[in-house]
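Enquirer: Two chains, two frames, some hints: make the complex.
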Amino acid sequence: MTEPALLQARDVRKSFGQIEVLKGIDLTVSQGQVVSLIGASGSGKTTFLRCINLLEEHDGGEILLDGDPVGYIMAGERRKRLSETRISAQRARLGMVFQQFNLFPHLTAAANVMLGLTKVQGKSDAEARDIAQHWLGRVGLADRSGHYPYQLSGGQQQRVAIARAVAMQPRLLLFDEVTSALDPELVAEVLSVMQGLAESGMTMLLVSHEMLFVRDVSHHVVFLDQGKVAQAGPPSEVFDNPQSDRLRSFLGRFHGLFGRG
Amino acid sequence: MDFSMAPGTFLFEAWQARASLLSGLGVTMLSSALSIVIATVCGLAMGVALAYGWWWLRLLARLYVDLMRGIPLLVLILFTYYGLALFGINVPAFWAGVIALGAFATAHVAENFRGAVQSVPAGQMEAAKAIGLTFGKRLSYVILPQAVRRMLPPWVNTALEIVKGTTLLSIIGVVELLLSAQQAMARNYMIIDFYLLTAALYVAINFTLAQLGASLERRFSYLRY
Numbered sequence: 001m002t003e004p005a006l007l008q009a010r011d012v013r014k015s016f017g018q019i020e021v022l023k024g025i026d027l028t029v030s031q032g033q034v035v036s037l038i039g040a041s042g043s044g045k046t047t048f049l050r051c052i053n054l055l056e057e058h059d060g061g062e063i064l065l066d067g068d069p070v071g072y073i074m075a076g077e078r079r080k081r082l083s084e085t086r087i088s089a090q091r092a093r094l095g096m097v098f099q100q101f102n103l104f105p106h107l108t109a110a111a112n113v114m115l116g117l118t119k120v121q122g123k124s125d126a127e128a129r130d131i132a133q134h135w136l137g138r139v140g141l142a143d144r145s146g147h148y149p150y151q152l153s154g155g156q157q158q159r160v161a162i163a164r165a166v167a168m169q170p171r172l173l174l175f176d177e178v179t180s181a182l183d184p185e186l187v188a189e190v191l192s193v194m195q196g197l198a199e200s201g202m203t204m205l206l207v208s209h210e211m212l213f214v215r216d217v218s219h220h221v222v223f224l225d226q227g228k229v230a231q232a233g234p235p236s237e238v239f240d241n242p243q244s245d246r247l248r249s250f251l252g253r254f255h256g257l258f259g260r261g
Numbered sequence: 001m002d003f004s005m006a007p008g009t010f011l012f013e014a015w016q017a018r019a020s021l022l023s024g025l026g027v028t029m030l031s032s033a034l035s036i037v038i039a040t041v042c043g044l045a046m047g048v049a050l051a052y053g054w055w056w057l058r059l060l061a062r063l064y065v066d067l068m069r070g071i072p073l074l075v076l077i078l079f080t081y082y083g084l085a086l087f088g089i090n091v092p093a094f095w096a097g098v099i100a101l102g103a104f105a106t107a108h109v110a111e112n113f114r115g116a117v118q119s120v121p122a123g124q125m126e127a128a129k130a131i132g133l134t135f136g137k138r139l140s141y142v143i144l145p146q147a148v149r150r151m152l153p154p155w156v157n158t159a160l161e162i163v164k165g166t167t168l169l170s171i172i173g174v175v176e177l178l179l180s181a182q183q184a185m186a187r188n189y190m191i192i193d194f195y196l197l198t199a200a201l202y203v204a205i206n207f208t209l210a211q212l213g214a215s216l217e218r219r220f221s222y223l224r225y
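Chains as they are written, first to last, in our numbering: chain P, 1 to 261; chain U, 1 to 225.
Excised from the complex, chain U in its bound form (with noise of 0.2 Å):
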């Protein structure tokens, strides 16, 4: 690789596309970070509705986890995206994507969530009901601080596959990342130097989640047995 400045090099070619590199790197962000929220308040929503709904709301619940966790996440893009505009609801690319990766994930979080839920210990729900605490304070108080410290690890793999999931985006034509670099490669044809710039920045986003990760899992280390 040529780091000179001249024309014909990777670095001025970079810096040339560097706009659309930025706003194709702030789209990847922007819907990964939308698609998180949205797998983590939804999905938290449905683990306690694994956990502890009415078995018509548990048999719903289910159905939905098995029905996300064994479609192809490309197929459902490409659903939300084409499908629906089959019965009339447009949706434009970027939300098509978002709302798939935000439908995809909820189903990991709730699962994830509903197991962290129930391996907190049964004497735990038990001391929260025998001081009168209703069932709404006793997930606030006593069941969800210590299952969220239990589902940290597995939410932080599902945050990191929903940012490597929205390159797929780019098959729905939403300019992310991955194909604001295709673009790029389109007008210089320097492949190898541009797919690892791509997945540099990829991992860099990645590597930053992962350490906020490690950093909330810290700050939740009093939580032992």
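So that you can see chain P by itself, here it is in the shape it has in the complex (with noise of 0.2 Å):
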């Protein structure tokens, strides 16, 4: 493969006050590919998520997408910050979703879509309204393109959530546990949208503890111990042939779900 990757992460460091949380990651997801990151709580991953899009900054290595260098550039030796509508518009490139749905709670389901189409991406409301009564209609809520965030469920709030970052066009999205805080029956409604974007074509890369589910739809999963990389490949490699003790207890936990290795 000569094409350069979407996202390419060198030696990502984080540390928050004395604590270093990312100790150096190294990450690749090319165009297409369901890139899965697991393991423990506090090993990492959402962090590494959230320095993506620079809801967290990263303090060394570097973050690529597309080959630009996301919010810092080198300027000889010293690392410089892009200035904000920098920034703002490579975050505009990348969809998220959260573990909180974070809808906006003073718009509808339609205008919370609608919003980035309208204010970043500068289209005209008739334009981001066909746009969003689409995508809420590809995630199931066509008839809930009216109802404020507080007249949904958690399941209704999540896919909504799904429609407003799927909609900007994003080269890349990424999903921090995104079912985690849903009620157990409506996991399910949530997973099926995302499968349905994996099949597409979309870039996702996804922190997750639905085993069976990042099993099924990853091409490469990492599995992220203290802040590095311990294990990366494809599924079937991670899940069934883990290399550490590590990833051994780690998957153990899930009711003996993956084999023993």
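Everything labelled a hint here was simulated from the structure, so no lab data went into it.
You may find that some hints are simply not true.
Estimated spans, in silico, between C-beta atoms of each pair [unchecked claim]: (1) LEU196/U / ASP125/P: 50 to 60 Å; (2) ASP240/P / ARG58/U: 52 to 62 Å; (3) VAL37/U / HIS147/P: 34 to 44 Å; (4) TRP55/U / ALA89/P: 19 to 29 Å.
Owing to the predicted nature of the structure, the values given are computational and were not obtained by experimental measurement.
All C-beta atoms, glycine included, are put in the ideal place defined by N, C-alpha and C.
Expert: This is how it looks when you write it as structure tokens:
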């Protein structure tokens, strides 16, 4: 493959005060791939995901999106933070779905989806409304476009949040434990929307504890342990042939769903 | 209280004084309205500075808020009127009063607004960042609409305080409602009657304002979590 990776992270480091959370992460996502990050709480999965669209800012290493450094450029030996405008433009090329949905409570479902289309991409209201309606339909909520978030169930809110992210036609969609705040019976409807996106060729990077889903949908799985990539590979390899005790014990927590190697 | 219309009765004397009372009421309402507008506009700007400003801007705004909250309103009014004159800045009493009230209430609005902005869940700002909105747009389309709803009740309180605070302008000779009533009393000695009338008029103004606030709150009632 000579084509540059869509996302390339090299030696990404991040500390919160004295605690080093990311100790040099390398990761590549190619166009059309679904890559999953798994690992115990505190392993740095979410922090890494948030570094990609600069909700957290990495202290070292670099993250390249279509070859462009995200957030920082090297000016000689010094790291220079990009302007707010540049950073906002970079974020607009990425979509993110959050654990807590984070829908805008003062806007209807359709207006949630339309906000970025009109205020970031400069589309007309009519065009944005059509796009919003299309994507709300794709997530099965065509008849809920006029509802406010408080009138929707958790699963519906999360599907609106997915529509809001994907309607912007991002290069890459980031999913941060998007089913963790949902009642168990609502998880499936969200996962099936994600499955549909994956099948349609959307490039996705997800942090998830839904191991069966991860194994099913991913092209590549990355196991993070204490801020480092401990094992990475196709799901069959990671799930069925864990190379370390830590991965074995991590997978063992999921009720013996996976071979114990 | 005698409600017949003969000379020496309350209604007669109130009717006699109607022009000056109405003008006083007008001055009270105008100075209140101007002060509320100043306090709202400046307070919103200062609230944004308190919440998101560079450290030196936050420090300046913080100093201002603490200063204004520490100075008695009457002292501030007297200082604006007499103090500025010492520096060769002559401000008419009415405007000195409006500036002092506005400056005072700015601090309250700013502090309330900062609190309201910071009580919007952090995820809202993150979601707004994630769709690529720039800072100004994140503020105007996501944070402010939610913060405004949260700051409405304290904002109404501040507005009511301003209306009541305009009575202090009588000290520097602005003939607002209180002073015009006192001038009437100086002619007819009907002290209790005219103070009651004055009180009733203030209550009427403030009741109307509070109703206005309540109807605004209802308009934003879709804002739930």
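Enquirer: May I ask which of the numbered hints given earlier this structure violates, with the numbers listed in increasing order?
Expert: Result: no hint breaks.
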